[in-house]
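Student: These are the residues of each chain, in order.
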Amino acid sequence: MSMHLEVISPEKCLYKGDVVLVQLPGKMGSFEILNNHAPIIALLDSGTMKIIDSERNKVTLKIGSGVVEVFDNNILVLSDS
Amino acid sequence: MANLKEIRVRIASVKSTRQITSAMKMVSASKLRKAQNGILNLRPYAQKLQHLLAILQHRTTSANQGENINPFSQNREVKNILLIVFTANKGLCGPFNSFVIKSAIRRIEEIDKTANVKLFLVGKKGFEFFKKRDTEILGHELDVLSSDNYKYCITMAERFMNMFISGDVDQIEMVYNKFKNPAVQEVVCEQFLPFSNNSVDSKGKKLREEEVNDIILEPNEIEVLNELIPKTIRTMFYRVALDSFASEQGARMTAMHKATDNATEVLKDLTIKYNKVRQATITGEIVEIVSGAEALNQ
Chain A
1 MSMHLEVISP
11 EKCLYKGDVV
21 LVQLPGKMGS
31 FEILNNHAPI
41 IALLDSGTMK
51 IIDSERNKVT
61 LKIGSGVVEV
71 FDNNILVLSD
81 S
Chain B
1 MANLKEIRVR
11 IASVKSTRQI
21 TSAMKMVSAS
31 KLRKAQNGIL
41 NLRPYAQKLQ
51 HLLAILQHRT
61 TSANQGENIN
71 PFSQNREVKN
81 ILLIVFTANK
91 GLCGPFNSFV
101 IKSAIRRIEE
111 IDKTANVKLF
121 LVGKKGFEFF
131 KKRDTEILGH
141 ELDVLSSDNY
151 KYCITMAERF
161 MNMFISGDVD
171 QIEMVYNKFK
181 NPAVQEVVCE
191 QFLPFSNNSV
201 DSKGKKLREE
211 EVNDIILEPN
221 EIEVLNELIP
231 KTIRTMFYRV
241 ALDSFASEQG
251 ARMTAMHKAT
261 DNATEVLKDL
271 TIKYNKVRQA
281 TITGEIVEIV
291 SGAEALNQ
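Residue numbers (my numbering), protein chains in the order written: chain A, 1 to 81; chain B, 1 to 298.
Derived from the structure by calculation, the hints contain no laboratory data. Certain hints may be false.
[Unchecked claim] The calculated BS3-like cross-link candidates involving lysine-lysine, where the alpha carbons are at most 27 Å apart (straight line), are:
#: 1; chain 1: B; residue 1: Lys90; chain 2: B; residue 2: Lys273
#: 2; chain 1: A; residue 1: Lys12; chain 2: B; residue 2: Lys180
#: 3; chain 1: B; residue 1: Lys31; chain 2: A; residue 2: Lys12
#: 4; chain 1: A; residue 1: Lys62; chain 2: A; residue 2: Lys27
#: 5; chain 1: A; residue 1: Lys50; chain 2: B; residue 2: Lys48
#: 6; chain 1: A; residue 1: Lys50; chain 2: B; residue 2: Lys31
Next comes chain A alone, as it looks inside the complex (with noise of 0.2 Å):
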């Protein structure tokens, strides 16, 4: 099972695909989302999100503040660049 995780920035989409495991910077301090996370909508600060794809390959992401949506394990990263 997997989930599937979009990032999109105003001016590109910056990743698309299945993850098992995404880390992201929080407002509130960092935190994990892994399979059927609770809905939740979150702020996020600038920095990097960690992601273990279905393969799992560890990819690293610089994000800039946004928000994320984790909605029956679609997640959403919106990121300001």
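Starting from the known structure of chain A, fit chain B onto it as the hints suggest.
Tutor: Below, chain B alone, put in the same frame as chain A:
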């Protein structure tokens, strides 16, 4: 009968004009594609942002009847209105600039009766026009559109948001060309601030109440909302800048396409005329030679 040389010179000049217009058309076409890509890339972001805002607004209205009014949504008594007019830096793009300016003037006349109008002009053409008139100009900016730079647009948008918050202006409207397709632009006047969420409501109704209320908000509802609303406003400004830029390129492309077609038409007529004159001259010369020879034979 026209002089052969005259026509030749004209043909040459029309040809070089045609070359310039067709080159400008190509340049606009490639810039247009870039701008269109920008619009397409922004669209998912803007949509998702609206979606999140809809969820939050749904919650706030069902929970505490919108107790906290966001500073950006505050409707004040309108004394000062800021009109942001988006024009191009350059001409040669058909009625692009004049349409915006005309509709801005109409809007100014409308508002002028009830409130004090201030102007902010994006693009050189608008500034050159309005600096000769007596409406107060708060500022002007040249390069928002020529670079579809997100960061720069954001700082601009923040400037306007600060003006609104500090009470310098009570309402901000934008006059710009909305991009429909490369050949069609529509001049619209949109309210920028105070932020109205009418557009969000329709989508919000589709959400199921239990689901919406189950969502965890971090840090809390008010802070998330206070972050998302300015984001939406900034995105709106960026979208308008992109729209205007794409419209400009579209308008220029269409205008230059027509100019190239016209030049081709003129060139065709001129060539026919040139050949006719040339033929007539040759015929005339032959007649002279033949009749001269006839005269000698007798």
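Student: Next step is simple, just say for each hint if it's right about the structure.
Tutor: Here's how the hints hold up against the structure:
1. Restraint check for lysine 90 of chain B and lysine 273 of chain B: not satisfied, since their Cα atoms lie roughly 35 Å apart, outside the 27 Å limit.
2. For the hint linking lysine 12 of chain A to lysine 180 of chain B, the alpha-carbon distance of about 21 Å falls within 27 Å, and the restraint holds.
3. Distance hint between lysine 31 of chain B and lysine 12 of chain A is fulfilled; the C-alpha atoms sit about 17 Å from each other, no more than 27 Å.
4. Between the alpha carbons of lysine 62 of chain A and lysine 27 of chain A the distance comes to roughly 15 Å, so the proposed pair stays at or under 27 Å and holds.
5. Restraint check for lysine 50 of chain A and lysine 48 of chain B: the C-alpha separation of about 22 Å stays at or below 27 Å, so the hint holds.
6. This hinted pair does not check out: lysine 50 of chain A and lysine 31 of chain B have alpha carbons roughly 35 Å apart, beyond 27 Å.
Consistency note: the structure conflicts with the earlier hints numbered 1, 6.
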